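Q: So the protein lines, in turn, are chains A and B. If you number the first sequence the way full-length UniProt numbering does, the last residue is 384 and the count never jumps. If you number the second sequence the way full-length UniProt numbering does, the last residue is 384 and the count never jumps.
Hint data in this document are derived by calculation from the structure and do not stem from the laboratory. It is possible that part of the hints are untrue.
In this list, chains with the same sequence are indistinguishable; a pair is considered to hold if it fits within one copy or across any two.
Derived pair list, reagent style EDC-like, types lysine to aspartate or glutamate, alpha-carbon separation capped at 16 Å [said to hold, decoys possible]:
id, residue 1, residue 2
1, Lys374, Asp260
2, Lys160, Glu30
3, Lys174, Asp216
4, Lys189, Glu310
5, Lys85, Asp304
6, Lys189, Glu75
7, Lys85, Asp303
8, Lys213, Glu3
Bear in mind that the values here come from a model prediction, so they are computed numbers and not experimental data.
Protein chains: 2
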Amino acid sequence: MTETNTPFGMTITATDGNARTGVIQTCRGEIRTPAFMPVGTAATVKTLKPETVRETGADILLGNTYHLMLRPTAERINRLGGLHKFMNWQRPILTDSGGFQVMSLAKLRKITEEGVAFQSHIDGKKHMLTPERSMEIQRLLGSNIVMAFDECTPFPATEKETEKSMMMSMRWAKRSYDAFHDGSEHAEKNALFGIVQGGVYEHLRRHSVEALKEIDCEGYAVGGLAVGEGQEVMFEVLDYTMPMMLKNKPRYLMGVGKPDDIVGAVERGIDMFDCVMPSRSGRTGQAFTRRGTLNMKNARHVDDPRPIDEDCGCSACTNYSRAYISHLFRCGEVLGLMLLTEHNLTYYQDLMAGLRGAIAAEKLQIFIKDFHEKRANGDVEPIG
Amino acid sequence: MTETNTPFGMTITATDGNARTGVIQTCRGEIRTPAFMPVGTAATVKTLKPETVRETGADILLGNTYHLMLRPTAERINRLGGLHKFMNWQRPILTDSGGFQVMSLAKLRKITEEGVAFQSHIDGKKHMLTPERSMEIQRLLGSNIVMAFDECTPFPATEKETEKSMMMSMRWAKRSYDAFHDGSEHAEKNALFGIVQGGVYEHLRRHSVEALKEIDCEGYAVGGLAVGEGQEVMFEVLDYTMPMMLKNKPRYLMGVGKPDDIVGAVERGIDMFDCVMPSRSGRTGQAFTRRGTLNMKNARHVDDPRPIDEDCGCSACTNYSRAYISHLFRCGEVLGLMLLTEHNLTYYQDLMAGLRGAIAAEKLQIFIKDFHEKRANGDVEPIG
């Protein structure tokens, strides 16, 4: 899959209630929605070869501007032919703006109207990230879906703080738009997404959506959620924010989430997700299954000849027992991380495929009922 | 590949000087010789799926009795269907006797005529390894080539010490033989190899070979080498030991070695090798190439778009640059370990395939000259 001249766009093929399923066209191929994007922070989805990531069912990866700008640097990746070639993933890549991660640096960063000055967590070197620099980095990487530079409003925040932060994000969104549309081939072929902020305040979310509509981005993300507000509040924000948004453009809920978060957000009209949970949990021994979660480090698995999930077709479940994977974790073997990451990402992609199929068949409510029932009667082994 | 009724045996198809090439038949499929066996210590070749190990060209793996008896235990592996099923490797497996590793425990072990009493390096629990127990463990694992329990004579050792140690190993070899041949289906289908000891003393090596001939094992290993004596002395021992051995049985040089060790040993008539070097080096950033070794952590690779080895067809060399692999090592990414281990094992297997082809064509000396010339004019970046 190399680059084509296909223009960016979304086709919705079916809806069920507020949920939608369809396809996002990009110059690097199609993304089936609702889509889950595995996170490839440092130009690799940790512990997996890209062909294995594809085998799990992923159509698109997420890359992190913050990590890549520091190491190996966007300029180096560009000299080496761009991020797709560098990491051997030829399908679509979405890059975040770096905003969320520099905000998380706490003491090491300073936010002004211009942007964010920060020190690298690796070597303490000083950097500046602005809307213009973020667009430049994402262009150097060759990103197919570029995210506007924004401030992820912390939670909790007062209405006043949230408004101030959101208003700056909207000014930054306009600067991102102007910088993105620089007449380059990259801008012509690829897409810029704006990010809706406004915390848990309906009128601020509305203001943010309206501001972004004026900017005319090719897709919209919902930011500032999954930051501690809880699932109920998150769903409430989605309930009133989704109807404000244009129907014909992709909607991306950033950093979400647990399987039941995803199911509820799809029900409310979200098309795209990213989260480190399946890959990070895989590295700590937690397995997602249709019947709940397992902690593969628990002693009860050491003699268990069953696969992690009998309904899963991934290579970890086809070829290995819980006993073997438990053994690998006990010995600190890398293969344990590899197999569990592959399984968890397959679980997430199977969930997305199930949601897509259910929406297409207008059977989403039946799917959701079954999803919750299986889990309620199954295992819950939170990791220690 | 499941178990068949093929009896164990070796067919030598060509010779060139003292070197031989051929096939070892086992109930789990054929082993092309000269063969290199990747080491799968804890029921996994570290960082690789078994299908990837096979793709490197491996016909057979080595498993470690010592590690497996402690964790997850031979009894557990047996209950779960044996080592092949447990680790999803259906081709031949050779297991060592555990002797070498318990000897290395130094203060934690005590050697008597009966065997070796030792404490686990994991939990300090007391265990006893005897020829009889070693045979039992290797049978429980379902090993296709079982190694006799022996004492790996330390180096340096006086003639007297070496003789005493070798004589005990020969008594243990007889006990191993008696315990192995217990009338089980396992014993009928699989093979026991004896281990020649005798250090750097020709008459002791002769005594050891003669003792093993009386026991009538199905293959012979050369033990007690690659323990610090240096390549010149090792080759000297092989020069006088090889002609003493039966021509129609496999000859296995244990724990060897560097690529030039292997080339010299094949020239002297060795058929089988095992060594952790390609896999362990892969995890520390060292790459083997036809032109020498590279340290992927060196700064000079960070912008290099070339593959590790332009003549290598492994997936690491086909899909990734030195710059990318260098980036992965700098970030501590698991994929770096995976790719470099895969490459190094492919390098070793390609070397074996080259040796087999050269012997079959009676062009071994030309192959060896070319092997040394390429390295002499190439890179040498020892790891730091």
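Q: If a hint holds in the structure, say so; if it doesn't, say that too.
A: Cross-check of the supplied hints:
1. Lys374 - Asp260: within (12 Å within a copy, 58 Å between copies)
2. Lys160 - Glu30: For Lys160 and Glu30, the Cα distance exceeds 16 Å both inside one copy (41 Å) and across copies (74 Å).
3. Lys174 - Asp216: For Lys174 and Asp216, only the intra-copy Cα distance (10 Å) is at most 16 Å; the inter-copy one is 84 Å.
4. Lys189 - Glu310: Neither. Shortest intra-copy (42 Å) and inter-copy (33 Å) distances fail the 16 Å Cα cut-off.
5. Lys85 - Asp304: between (41 Å within a copy, 14 Å between copies)
6. Lys189 - Glu75: neither (20 Å within a copy, 60 Å between copies)
7. Lys85 - Asp303: Close across copies (14 Å), not inside one copy (43 Å); limit 16 Å.
8. Lys213 - Glu3: neither (28 Å within a copy, 66 Å between copies)
Consistency with the previously given hints fails for numbers 2, 4, 6, 8, ordered from lowest to highest.
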